[in-house]
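These protein sequence lines are chains D and H, in that order. Going by the working numbering, the first residue of the first sequence is number 1, and it counts up by one from there. Going by the working numbering, the first residue of the second sequence is number 1, and it counts up by one from there.
Keep in mind that the hints were calculated from the coordinates and are not lab data. The reader is advised that the hints may include incorrect statements.
[Stated by the list, open to error] Part of the chain H face toward chain D, derived, beta carbon under 8 Å:
| id | residue |
| --- | --- |
| 1 | L71 |
| 2 | G74 |
| 3 | P91 |
| 4 | K92 |
| 5 | V96 |
| 6 | R100 |
| 7 | M104 |
| 8 | Q108 |
| 9 | F112 |
| 10 | S115 |
| 11 | I267 |
What you are looking at is a predicted structure, and each value in this text was computed from that prediction instead of being measured. Note that CB positions come from ideal geometry on N, CA and C, so glycine has one too.
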Amino acid sequence: MTDCAIPPSGDLSDLERSLRRPRSLFSWAMSVLTGAMTMAALVPLFSVLYLLVTRGGKLLSLSVLSELPPAALAPGGGFGNAIVGTVVMVTIAAALSVPFGILAAIFIAEFGSDSRTAAAVQFSAKVLTGLPSILAGVFAYAAVVVLTGGFSAPAGGVALAVLMVPTVLLTAEEAIKRVPPKMREAAIGMGATPTQVALRVVLPTALPGISTGVMLAVARAAGETAPLLFTALFSDYWISRSAPEFLPKAFGDLMKPTASLAVLIYNFSGSPFDNQIDLAWAAALVLVVIVLVVNLAGQLLARRSARP
Amino acid sequence: MSPQSHSSNGNGNTPPDLLIDCKIHELFYGKFKAVRDVDVQIKTGTITAFIGPSGCGKSTALRCLNRMNDLVRGFRFKGCVNFRGQDIYDPKVDPVSVRRHIGMVFQQPNPFAMSIYRNVAFGLRLNRYRGNVAEKVEEALRGAALWDEVKDKLHQSGLSLSGGQQQRLCIARAIATEPLVLLMDEPCSALDPIATRRIEDLMQELKKRYTIAIVTHNLQQAKRVSDMTAFLYVDTANGGRTGYMVEYDRTEAIFASPKQEYTREYISGEFG
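Bound-form chain D, shown alone:
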């Protein structure tokens, strides 16, 4: 491109970039503004992360992750039981909400897509996504705690499941609807029954999208505090102090108040004692890391699904 065929002629200054022109100036100002707003939006996120790492990080150790919560002013201690409690309750919630959500999504997207039931369920799920989480707690309190006679891990699981179902359902429905119609057609053209189409073509193809939804729901549930206050309460002890010898006993142990990271943070952050406040910071860091890891896993799965 060294010798252009056309020699320069006339005044070409209007082709050059200049900040004196109003259009260019406006463009520059808007670029700066959008950049600045993006930075401003990131400030809360990074200040929280910074505080968590500086104040919670210094306490982080294996003993903190594995020991029981300390009494006021007592040295050492940790929140191992809260980690276990959170994992147990989120697992219960996932075990309840994932089958519900996915089966309902299959109905809405695949079999009853034109029915009024589907439209009603879809609308209800959308409303439920905006449900204040404390109401899920109150619901589980009435439905499980009052019925079984005490605060328990399953009650917490039910409360979290109520929050998870709409997310799982709506993302799974979206993923199922994104399965190209031509693949469905191919399966039907081969003589696949509706069940075979759903189980062997639609679900495997939609699986990455569905797992993303489950991950997002799990991440949200792990961080919820309000519903657990009504249902699992808190405990200073392990769920099962003795190793579970057979199922009924283990189940019996589940039916007691159960610790969780979120409630531990809530309790200890209001404590007047420094050791408990420090533990709350460390627990907050651990919780954020757990949620972050689950979220990243979800993103990774979503990216894999975006590839053809």
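With the hints as your guide, set chain H onto chain D.
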């Protein structure tokens, strides 16, 4: 509304070499009358082509043959499709089992988002095939003239292949379960001329084992590959757009000496 509105069949008395007798009296999507008066007989081991301008209902007619139109809401059908002595629109017939005997290859290559091997094995799994699946997969891929190109990457995604290869994969998938009939809905319209040529050569091979019905936009393709040709045209009278069959004959006859004026004009490129 009764499917048995014609006299020549419905009781299992199709002549031995006649595989499909398709009589579409009227076909509706909702209130829209899409096709009328199609009458096509397909013999075992032949290739039958449906040609005609866009919107003339040739794909719709083809999809009648394995009840793919059942998926369309508001689909109503008057007529009958007799397949080996059984009217497949008889209420007691299960459309799913019809499709296991009458396979289909679609316009857009549509492999599943799974490996090449699993794509071909898909139909075998549907039928709970108990024999040697790997052997069947190889046989189907050889049958579709794809084996040499994919034998070293059977476990790569079917979507990683080129368009022409994907279409041959779809053909392999369709023939793995050894259907009697293969329906092809414009199988080459998304392919370049070289890939098209390969599919056409392949059809001549497939013809030895399967009966084929093909819809094509490409007149030369119909002339090259088919034994019989049905020409459909659109009737725009009364504001509708209803497709109907103008002429059905041996392919040489259709192209050399069409009996109908519309056919002659269409073949010679005077319209459409």
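Against the structure, the hints come out as follows:
no., hint, in the structure
1, L71, "holds (7 Å)"
2, G74, "violated (11 Å)"
3, P91, "violated (18 Å)"
4, K92, "violated (17 Å)"
5, V96, "holds (5 Å)"
6, R100, "holds (3 Å)"
7, M104, "holds (4 Å)"
8, Q108, "holds (6 Å)"
9, F112, "holds (6 Å)"
10, S115, "violated (12 Å)"
11, I267, "violated (30 Å)"
Violated hints, in rising order: 2, 3, 4, 10, 11; the structure is consistent with all others.
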